[in-house]
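Heads up: the sequence lines are chains A and B, in that order. So in the working numbering, spot 135 of the first sequence is number 162, and the numbers just go up one at a time. So in the working numbering, spot 181 of the second sequence is number 186, and the numbers just go up one at a time.
Do not take every clue at face value.
[As the list claims (entries may be wrong)] Below are the PhoX-like pairs computed for lysine-lysine, each with C-alpha atoms no more than 20 Å apart in a straight line:
1) A:Lys194 <-> B:Lys132
2) B:Lys172 <-> B:Lys222
3) B:Lys200 <-> B:Lys172
4) A:Lys106 <-> A:Lys46
5) B:Lys132 <-> A:Lys76
6) B:Lys255 <-> B:Lys222
7) A:Lys126 <-> A:Lys106
8) B:Lys200 <-> A:Lys164
Everything labelled a hint here was simulated from the structure, so no lab data went into it.
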Amino acid sequence: MTIELEQHIDPQLVPILEKVYDPEIPVLSIMDMGVVRSAKWIDNVVQVKITPTYSGCPAMDVIGDDIVRAFEEVDIKAKVSLVLSPAWTTDWITSKGRKALEEYGIAAPLEENADKEALLGGKKIVKCTHCGSKTTKLVSQFGSTACKALFQCEDCLEPFDYFKCLK
Amino acid sequence: MKNENLIQYICGVADNALILGQRLSELCGHGPNLETDIALTNMALDLLGQTRSYYQYAAQLSDKDKTEDDIAFLRVERQYKNVLLVEQPNTHFGYVITRQFFYDVFHLLLLQELQTSKDETLSAIAKKAIKEVSYHQRFSSDWIKRLGDGTEESHQKVQEAVNDLWKFTDELFHMTQDDRLAVDSRIGIDVTTLKEKYYQRIGEVLEEATLTIPEIKWFQKGGKQGIHSEHMGYLLADLQYMQRTYPNMKW
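Generate the whole structure from the sequences, applying the supplied hints.
Take a look at the structure:
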């Protein structure tokens, strides 16, 4: 478990990495999610370093395997390791990624206190992914996965996921 | 600081997360409603994830050929150094939330200090975990307020839990020999310095929740020395079942 302060991704490897998707949010590539910290050639092997979104995120093992498989398909040997520092933040999700989330029905992260504000009756800023209304309420701070909170729209009454802001 | 002592220090921090994570996992499928069920298991997942990071590091430091699984599953009761608070059983939801709240407040204070540790790995784990634990504290504090300032019954039940679990809070601030060594090497945290802030934060939330702070001056201790309550054996039997029944099994 090392520390990888700067992001170093060999541009040639990007198209391969872009083919790997988060198993729990299949519209979001790991590049758009911002979990790839480095990818470079070291002695004929591609060394990829990824950072977990949450410490216990079970998707990380699958993502690691998927990366190795994606490189295998183009006859490249890859090794994946996990880095913890600096810790992942939702700011690393790209604008393309945010758009993909919204289209998939998950509200993209806004600001740190958006869900708390919703719970305590403060300002409402989380937009319903179905009808676009901002009259929404927090149902639970923890949703179907560690990275999401559960919201409900008070206009169209549909529930939806909100990607929690992590800074 | 010798590796051996550092490993003990790391386990002292990590065992709390493992055991509390295990307690919360027991509630999977048994939460009072779907949302709290998911929340409690999500918190369990965070805690177990953090535990893995700590144990992987401890295994790396060990000169014997150990893995994170050996540390998690193959120790005997006396070798676990978690505080008594986290092993207390899931009596009812008020208890679960109170135990969580009493631990979360401490956990967050500890991690805030641990991120400045001279040890890069511990500091990295702490920085990652802080984000998760802030959420836990928010969740448990909110529920303390909802239950305390809720119905007559919820108030009475959560007050009972506060009174019962209060005696376990002082142990959070005890220092072991390994803790002291870690503090001397600027790796570990002197937990005694967190005590005042801890009781202040707890007091603020309890007050807002219209709950009374117990006037109990007698505290229970032992977990940090490996002397656990009667609940620990049952918990470990469950936790270690697979590794004991099918030694060396892997996922």
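Holds or violated: lysine 194 (chain A) with lysine 132 (chain B), Cα cutoff 20 Å? Since the Cα atoms of lysine 194 (chain A) and lysine 132 (chain B) sit roughly 11 Å apart, the hinted pair holds (cutoff 20 Å).
Against the 20 Å threshold, does the CA-CA distance of lysine 106 (chain A) and lysine 46 (chain A) hold or violate the hint? Holds, because 17 Å separates the two Cα atoms, which is no more than 20 Å.
Does the structure keep lysine 255 (chain B) and lysine 222 (chain B) at a Cα separation of 20 Å or less? 47 Å, violated
Quick one, are lysine 200 (chain B) and lysine 172 (chain B) close enough, alpha carbons at most 20 Å? Judged against 20 Å, a Cα distance of about 14 Å means the pair holds.
Check the hint pairing lysine 172 (chain B) with lysine 222 (chain B) against an upper bound of 20 Å on the C-alpha distance. 8 Å, holds
Does lysine 106 (chain A) lie within 20 Å of lysine 126 (chain A) when you go C-alpha to C-alpha? Violated. Lysine 126 (chain A) to lysine 106 (chain A) sits at ~30 Å, over the 20 Å cutoff.
Are the Cα atoms of lysine 132 (chain B) and lysine 76 (chain A) separated by 20 Å or less? 18 Å, holds
Starting from lysine 200 (chain B), check that the Cα of lysine 164 (chain A) is at most 20 Å away, please. 36 Å, violated
Checked against the numbered hints above, the structure breaks hints 6, 7, 8 and satisfies the rest.
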